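**Student:** These protein sequence lines are chains A and B, in that order. Going by my numbering, the residue at position 50 of the first sequence is 50; the numbering climbs one at a time, nothing skipped. Going by my numbering, the residue at position 23 of the second sequence is 23; the numbering climbs one at a time, nothing skipped.
Incorrect hints may have been included.
[To be verified] Among chain B residues calculated to face chain A with C-beta under 7 Å, some are:
{"hint": "1", "residue": "V4"}
{"hint": "2", "residue": "V6"}
{"hint": "3", "residue": "I8"}
{"hint": "4", "residue": "S37"}
{"hint": "5", "residue": "T41"}
{"hint": "6", "residue": "V75"}
Read the hints as simulated data drawn from the structure, not as lab findings. Quantities reported herein were computed from a predicted structural model and do not represent experimental measurements. Glycine included, each C-beta is placed from N, C-alpha and C at the ideal position.
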Amino acid sequence: MTDVVAGALLLGGLVFVLAGVVGILRLPDFYARLHATSKCDTLGLALMAAGVAVHTGPTLITVKVLLVVAFVAVVNTTVAHALGRAAYRSGLAPWTSAARRSQ
Amino acid sequence: MSGVVVPIAWVLALAMGLSMYRVLAGPTIFDRLTGLSLIATKSIILLLLLGVLSEREDAFVDIALSYALISVVGVLTLAKYFERTEAPR
Numbered sequence: 001m002t003d004v005v006a007g008a009l010l011l012g013g014l015v016f017v018l019a020g021v022v023g024i025l026r027l028p029d030f031y032a033r034l035h036a037t038s039k040c041d042t043l044g045l046a047l048m049a050a051g052v053a054v055h056t057g058p059t060l061i062t063v064k065v066l067l068v069v070a071f072v073a074v075v076n077t078t079v080a081h082a083l084g085r086a087a088y089r090s091g092l093a094p095w096t097s098a099a100r101r102s103q
Numbered sequence: 001m002s003g004v005v006v007p008i009a010w011v012l013a014l015a016m017g018l019s020m021y022r023v024l025a026g027p028t029i030f031d032r033l034t035g036l037s038l039i040a041t042k043s044i045i046l047l048l049l050l051g052v053l054s055e056r057e058d059a060f061v062d063i064a065l066s067y068a069l070i071s072v073v074g075v076l077t078l079a080k081y082f083e084r085t086e087a088p089r
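Turn these sequences into a full structure, and let the hints guide you.
**Tutor:** Encoded structure:
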């Protein structure tokens, strides 16, 4: 039973991680790629780490896995915000319909 | 359990290779940094899965935690640095 739940969580997390990879490969613009990857990757890591935690059972390892999840949830969003802010301030124009018409 | 974990770990490694395409080919430096942070997150997941596979979760969770603490610093510093330059390639 535990293995079924853990495997389902791992597969669900893998779907989100692969969605993030498709996003970073296929989307047209830096800001769109950043938008796709940061959220998908954070949720994918949370689900897959939850799968690992369910597999190991309630020990100190579970606490450490949850600590990894909490830290990555804070840090990934910070990095995405810093990257988007740096790109906008350094003059990288977003891919909007107005920008495409003026080209 | 390891019957599921081994293919998942291989798919994750393949996804890391695909993210490497954006690091190598990305039009701007910020695309490359995004790809790098994506690879860092995937390697944290891969470390947790390696702990499950080798049945040494206690050691690998510590490695994943310290890698999660360290991997941020580089990308954040480079983002702050390139903020002041003009849209480098």
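**Student:** Take the hints in turn and mark each one as holding or not.
**Tutor:** Each hint tested on the structure:
{"no.": "1", "hint": "V4", "verdict": "holds, 5 Å"}
{"no.": "2", "hint": "V6", "verdict": "violated, 11 Å"}
{"no.": "3", "hint": "I8", "verdict": "holds, 6 Å"}
{"no.": "4", "hint": "S37", "verdict": "holds, 5 Å"}
{"no.": "5", "hint": "T41", "verdict": "holds, 5 Å"}
{"no.": "6", "hint": "V75", "verdict": "holds, 5 Å"}
Hint compliance for this structure: hint 2 alone is broken.
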